[in-house]
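> Residue numbers (numbering that gives the first Met the number 0): 0 to 138.
Don't read these hints as lab results, they were simulated from the structure. Computed from a predicted structure; not experimentally measured. Treat the hints loosely; a few may be bogus.
Unchecked claim - Across the chosen pairs, the derived CB separations fall in these ranges:
| no. | residue 1 | residue 2 | range |
| --- | --- | --- | --- |
| 1 | I69 | H104 | 14 to 22 Å |
| 2 | R86 | N128 | 29 to 37 Å |
| 3 | F113 | T53 | 29 to 37 Å |
| 4 | M45 | K119 | 32 to 40 Å |
| 5 | T101 | P59 | 17 to 25 Å |
| 6 | N128 | K60 | 34 to 42 Å |
| 7 | P136 | K60 | 33 to 41 Å |
| 8 | S89 | R62 | 30 to 38 Å |
| 9 | T53 | N128 | 12 to 20 Å |
| 10 | A67 | L122 | 19 to 27 Å |
Just so it is clear, CB atoms sit at the ideal spot from N, CA and C, and this is done for glycine as well.
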Amino acid sequence: MSDNILPLISNPPELKPLYQWMQEKIRHNATFYTIKSSHRPISGTMARIDFLGTGNAFSPKGRFHALAIIDKCISIDAPPTLIYQLRNASINPGSINNILFTHWHADHTFGFPFILLERKYLLRNKKNNNLNIYLRPNG
């Protein structure tokens with residue numbers, strides 16, 4: 000192996016404290032689920048998928064961090080600009096009650112504390128304020 004090529008690892012040690020912090024912060028008001036492979040077809044009506052950002056970690060001009068919202072209630076990841084992107088698309092951050100984290104890179108997770116703050120301080124009297132977090136097996 001070349002000296003300038005690093006092997007890929009599934010759970011970088013520097014992200015472990017972030018993962019543990021996130022688990023501790025939401026343990027009291029959110030549920031963690033582990034996504035298992037499923038080949039069952041989705042039944043019912045067609046889902047609405049809004050791509051609010053298609054950029055990368057550096058958020059190129061005019062393209063926000065990657066973010067998809069399904070049916071205005073499921074967020075695929077939580078980039079640093081999550082709250083801004085939701086408001087910019089006229090989606091109430093309080094309507095997000097499910098977040099699926101695809102992986103633990105900063106550009107996919109650093110908006111998470113802000114949605115927790117939003118829910119705690121701006122939505123505290125709302126009914127059905129549950130937040131479900133979905134993760135891949137082993138984080």
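> What are the numbers of the hints the structure violates, in ascending order?
2, 3, 8, 9
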